[in-house]
Amino acid sequence: CMCVLTRSLNPFSGGQCAGEEDWVDNRTVYIGHKEPPPGAEAYIPQRYPDNRIVSSKYTFWNFVPKNLFEQFRRIANFYFLIIFLVQLIIDTPTSPITSGLPLFFVITVTAIKQGYEDWLRHKADNSVNQCPVHEVQHGKVVRKQSRKIRVGDVMLIKENETFPCDLILLSSSRDDGTCFVTTASLDGESSHKTYYAVQDTKAYTTEEEVDSIKATIECEQPQPDLYKFVGRVNIYMDNEPVARPLGSENLLLRGATLKNTAYIYAVAIYTGMETKMALNYQTKTQKRSAVEKSMNAYLVVYLCILIGKAFINTVLKYVWQADPNQDEPWYNNRTDAEKERHIVIRAFTDFLAYMVLFNYIIPVSMYVTVEMQKFLGSYFIMWDDDMYDKELGESAVVNTSDLNEELGQVEYVFTDKTGTLTENNMEFIECCVDGHVYVPQAICNGQVMPGSDTMDMIDSSPGPRARESEELFFRALCLCHTVQVKEEETVDGIKHGLHSGRPSSFYISSSPDEVALVEGMKRLGYTYLRLKDSHMEILNREDQVERFELLEVLTFDSVRRRMSVIVRASTGEVYLFCKGADSSIFPRVVSGKVEEVKDRVEHNAIEGLRTLCVAYRALTPEQYEETYRLLNEARLALHDRDRRLAEAYDQIETQLVLLGATAVEDRLQEEAADTVESLHQAGMKVWVLTGDKMETAAATCYASKLFRRGTRVLELTTKRTEEQSLHDALFDLSRTVLRPHREPSGLGLDPDPVSGLSGECSDFGLIIDGATLSAVLQPGPEASSAGDYKEIFLEICRNCSAVLCCRMAPLQKAQIVKLIKASKEHPITLAIGDGANDVSMILEAHVGIGIMGKEGRQAARNSDYAIPKFKHLKKMLLVHGHYYYIRISELVQYFFYKNVCFIFPQFLYQFFCGFSQQPLYDTAYLTLYNISFTSLPILLYSLMEQHINIDILRKDPTLYRDISKNCLLRWPIFIYWTILGVYDAMVMFFGAYFLFDNTTFTSNGQMFGNWTFGTLVFTVLVFTVTFKLVLDTHYWTWINHFVIWGSLIFFVVFSLLWGGIIWPFLNYQRMYYVFMQMLSSGPAWLSIILLITAGLLPDVVKKVICRALWPTTTERIQVPRPQPGPATPAFIQRHHQGCVPNLVVSQPGCVPICVLGTHRDA
Amino acid sequence: MQGLLGKPLGRVHWSNKAAKTGPLAHRPDNSAFMQQRLPAWSPMLTTSTVLPFMYCMAVLCLVVGVSLLITVQGTQEMKLDYTEAGTCNNCFQSLKNVSNAGKSCSCRVVFTLEHEFKGDVFFYYGLQNFHQNLRKYMDSRDDAQMVGRKQNLKNPSSYCEPYIRDEKDVPIAPCGAVANSMFNDSFALQYQGQPGDPINTVPLYRKGIAWYTDENVKFRNPPKNKSQTLAQVFEGTTSPPYWQKPVYLLDPLDATNNGFINEDLIVWMREAAFPNFKKLYGVLVRTQEPFTNGLPAGNYSIDIVYNFPVQYFKGRKQVVLSTVTWFGGQNRFLPIAYLVTSGLVFIIAIFLTVIWWKFGKDAKNMNE
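So the protein lines, in turn, are chains A and B.
End of the first sequence sits at 1162 in UniProt numbering; the numbers just go up one at a time, nothing left out.
End of the second sequence sits at 368 in UniProt numbering; the numbers just go up one at a time, nothing left out.
Any given hint might turn out to be false.
[Said to hold, decoys possible] Straight-line Cα separation of at most 35 Å, DSBU-like style, residue types lysine-lysine; simulated pairs:
1. B:96 - A:339
2. B:358 - A:965
3. B:154 - B:79
4. A:339 - B:79
5. B:358 - A:339
6. A:339 - B:136
[Unchecked claim] Facing chain A, according to a computed beta carbon distance under 7 Å, are these residues of chain B, among others:
7. 30
8. 48
9. 158
10. 216
11. 316
12. 329
13. 353
14. 355
15. 357
Think of the hints as simulated: they come from the structure by calculation, not from any bench.
Just so it is clear, CB atoms sit at the ideal spot from N, CA and C, and this is done for glycine as well.
Make a model of the complete structure from these sequences and hints.
Okay, here's the thing in structure tokens:
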């Protein structure tokens, strides 16, 4: 292998800082494997992986052991394995089949599924690895398989081909050395991005020429960040090396596709599993839902119950056996081996045997059912036609099904503003040059009306001096951007196409603001044509083409919040044009009509428009040289390049002359206001986190009804903290916020809706900006006081229904989410956003929702759920979230309930069988109870249940409060279910016991044995738990009928069959005719009916009484009405018209088990 | 258990996405099922829906309870503990000595029936504090042997521990602790109307006491040739250690009632659910006077061959005479349970009616 790793210092890295010299974690790639002319470098060959992509986890040989190992690493599987092994090793009451079979089933199903997925991956890998690619070898193009690409190979890629590995662009068929690439399959962004060839090699556009390049590339070892790359290319021309910087604009990523470019030459630098795409394969950290946490808590309780039961029985057994008459009656002699065994070992074995006997209380099937429920249930989200967006052609996407129910538990919604609340469909509204306002007019369907005067002046006509700055302003906007022109036709057609306004070519940019600005300029008469040979071409008002040489682009970043270009006009003057947020421009402005522009900017911001300021600086040749040096030095740095670039930018973008400002409108998304209002009514606190200006953001908040007319908006901004210390400001606010709640307003006590409308209902909103926020969060000199600030701040926020955080950096968004998550109530948070800057908060929040927006797909890709529009959040939370929460909580509670019913009689039976671990039920019943007799109805319930109609849930968001705070899985409700289970078990067991009490209950005088007793209890059990579900089902479709009655029929048929045959392969025939004999007895029927009734009666009574005396909002709505049409019931209207008390979580004083939700209004 | 079934929804989806680009490519089907809008019936448990049911149920339970009570009152039952009664006390005392365990002992118990037992009379023996439901004991049997599988006859299952083979390694048939501990007292009932009247032996039919299916399908003797006797079939096996007779001689009177299909054995092999139980011994034959209507009132005596030791586990032995209706023997639990349920439901129904009257008549009342 000729690819090597440099260990020595690079001779061309003159101006490096000392730290970089130790930095050996880079790689040197020889283009085309050609060694450079004697470079005096000692190098150690490094092995790079080949270009094979291995996404599969298993091979044919290691599948079984590896998969089994993976599966048994899960704690629950491991538990069942242990139980199974105990059954195998010691003599236990139930056969190993009873736990082995379900475990085997679960493991096999999972293994098959994983195996199938892996097989698919193998297939995909193979097709990728074997796909043909073209390599340049010795001046010839050679075809080879993709997997054989090595680092350093020079590849030829043709249009519409996908890059087989990470490549550095050497040259392209286009003269300017650029190529267009779409990264749709990487991050979903379908816009074409421009990549640049290395300047010194872009002229080499044939195989032979490319073959003659002698160069090495030094770059960092592969990193997963798709958007970061630093490297350096050393080109040996006449043995004189030239070093050029390489950045992410030179790096073509595997998975991206070449577009609009005939062919390119590029050199492979990262291959196979080291490509950035492969490094991004790893999955995100798993989020766990609140329901899952409750489930685990219950599991621990049940584990304790299990151990407790086993322990009690073991102790009682030895107490019972202490009586020598009972220890070893003559009819039940111990074997010699048993007699010799030490008592401690015997006791321990007994303990294990009890554990095995009662282990069904923690059923394997619950995990399977929960998984299936989540997996299958998430399809309803994807299938939802209401969440389908026609424009995008997308419906909702579920990336993790683990969080479905968490959607019903959200308390805080953190939303991005741009692209989430708003359309991110920018429209140029006006610009202001030195205080003169220009509004483009005569717009028709987005097209400029031909022949019309392209400008409308609002202000008095400017003088000649103004005209000059006006032109400079327009040129600045035409030049200072990174917009590309997408051409549908030939190169010659562009100009024509743009000129006549035909849609054959249009602007593309990663930022919609820029497109709006450039389009706005077009309407004002300055048309940006294209970037050709580093020259930007502008068609000015006189239809003349002006050419500016683009010298540098100081790209936009969200910290600096501005971007600049340095251009050289045809006259030779060099300008720096800078545009950015007002806060980042004004401090750098030295002259210009600052006051006028500032006024206008503020005016526009209040209108809800997005404003940008434009400034320029004329550079003398010396200044330019200096600038160039600064930039180049920073760019050449391998280490810490970003920081150094930021410093360089900071030095360059100073002493600006203010030109003017622009205003762009970002319209609200449709139904955004309605959605926000619904979320409020549902008791969620909505926070807007935006990087935008305070005024703009506040305007959007008012428009989207985040702040209503009655809302008292509190400000905690830099402006305020300048007047007052942060400390005082915080305390002032907290006093304001807390005062009203000292009044005994007790929501639960005052049922008069009129009072709800009065002034008592003051509702607070808070505006805070990034700077103040970091001051609040920053640990101050005294650690204690900082903690206080945080607490006070949280206290204020808790009492505000809406909070607006503006001027936020992306990381601050995540910080806020984290802060709220960690506050003492541990509320469930949801973050929704559409852009790359929202990813951190989406990953941080309990539930992350991505909008498939215009700013790319990163947010959607990193989210748990992706939806096309903000408005879909309403259905997602209010309907799907609500349903899934109801469904899964019933699923969890019911599963524990039915297993208490199942196992508790076994426990009771021990008291009658001398604590000998005799199982009550037959093996088949033990095994199949959870697998088939009672599994399907609850699974179906958990997929289909709709306790309230979809439309009512949408219409009345307040219903969401009924399930807030994980209320269906609180301890009182869990205890209720458990007690109900114990009660049912007692009824079943003792009912059957008294029936059997030493009497005959056949008409022929014959007696029944213990298996009949067990079967009687089991029959009552199966019917009781199924009927309990029947009572809980509020949504009976034909499928429910089919499954519920079907599973009961299945039980009966199975029992008849199981007892109907002398099973040839079995050693015991204890169930033979037991079920039929039981059914032939009248009293058995009568007692089955009675016991089922008695078992269900308390639950029915509890339901009816709770509904009559303390109905929840949900239950009231459930009451069937004569016309369930659009007529809104009175109480719904009340919720809508009155103010919604967001702030108080009422704790009603009624029977806790009745509480379906916390919000039980009086 | 994360991701047991539902893992990579998203990834698969995304990669598909790039492939399809039609504007409606991802539009979900608009079927009622997918949109969760299947027509459905939504019943609610409200006072007004539940109350009629409650009243109906109370009445129904009452009717059932009363009729069951009447039926149960029509049955008669007599229990006689003979463990230490009459001359059996001698046997009881003698069996206390372990060395007498195998010896037969006869005794007699007398009793009087105050009322006539009308109809079919069933004769049971009962045991108390005998745990037929101990796990090791219950498992100690080999059904494969008793359903007549030839290969299992001489290879009893390891379940039969500790009664698989005797000391000489001869397989035991029937093996296991259950069979070994088979109840071996026998009874002969005599009737003497008044003192001085002639003594009539009460005829007991000793068949039909086991389940029909057990007797005719499940329990089978090992297959034999026509020429073989039952004794020959069982050759090479030995009887359980506590037995006095081999399995093929259990019923000396009826040759067809021997081996694994002996009804006493079958009855014993159906293990009782609780430590106090009774098992059917025989049924009164009502063909001859004075027993055509059942057992007449008067004095009776039972001659007992007293073999079964119970003192070691503080057990008691009983004889039970009982008549049976369609409902079975004298079981008062079910009628009482029905009556109690009826009462409870009725009280609850009244309570709910009050609630309904005061609050629930119209749900809107609650809002005002």
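Now for the hints, and whether the structure bears them out:
1. A distance of roughly 24 Å separates the Cα atoms of residue 96 of chain B and residue 339 of chain A; the hinted pair therefore holds under the 35 Å criterion.
2. The straight-line distance between the Cα atoms of residue 358 of chain B and residue 965 of chain A is roughly 32 Å, inside the 35 Å bound, and the hint therefore holds.
3. Of the supplied pair hints, the one linking residue 154 of chain B and residue 79 of chain B is violated, its CA atoms being roughly 41 Å apart against a limit of 35 Å.
4. Restraint check for residue 339 of chain A and residue 79 of chain B: not satisfied, since their Cα atoms lie roughly 39 Å apart, outside the 35 Å limit.
5. Only pairs whose Cα atoms come within 35 Å are accepted, and residue 358 of chain B paired with residue 339 of chain A is rejected, the gap being roughly 69 Å.
6. For the hint pairing residue 339 of chain A with residue 136 of chain B, the CA-to-CA distance comes to about 14 Å; that is within 35 Å, so the pair holds.
7. Using the Cβ-Cβ criterion of 7 Å, the hint placing residue 30 of chain B at the interface with chain A is satisfied: the shortest such distance is roughly 5 Å.
8. Using the Cβ-Cβ criterion of 7 Å, the hint placing residue 48 of chain B at the interface with chain A is not satisfied: the shortest such distance is roughly 9 Å.
9. Because the smallest distance between the Cβ of residue 158 of chain B and any Cβ of chain A comes to about 10 Å, over 7 Å, the interface hint for this residue is violated.
10. Nearest Cβ of chain A to the Cβ of residue 216 of chain B: about 11 Å, over the 7 Å cut. The hint is violated.
11. A least Cβ separation of about 12 Å between residue 316 of chain B and chain A goes past the 7 Å threshold, and the interface hint is therefore violated.
12. Annotation: residue 329 of chain B was flagged as interfacial toward chain A, and the flag holds, the nearest CB pair being 4 Å apart, inside 7 Å.
13. Interface hint at residue 353 of chain B: violated, since its Cβ lies 11 Å from the closest Cβ of chain A, which is beyond the 7 Å cut-off.
14. Checking residue 355 of chain B against chain A by beta carbon gives a least distance of about 5 Å; that is within 7 Å, so the hint holds.
15. At about 10 Å, the closest approach between the beta carbon of residue 357 of chain B and any beta carbon in chain A exceeds 7 Å, and the interface hint on this residue is violated.
Against the hints set out earlier in the document, violations occur for numbers 3, 4, 5, 8, 9, 10, 11, 13 and 15.
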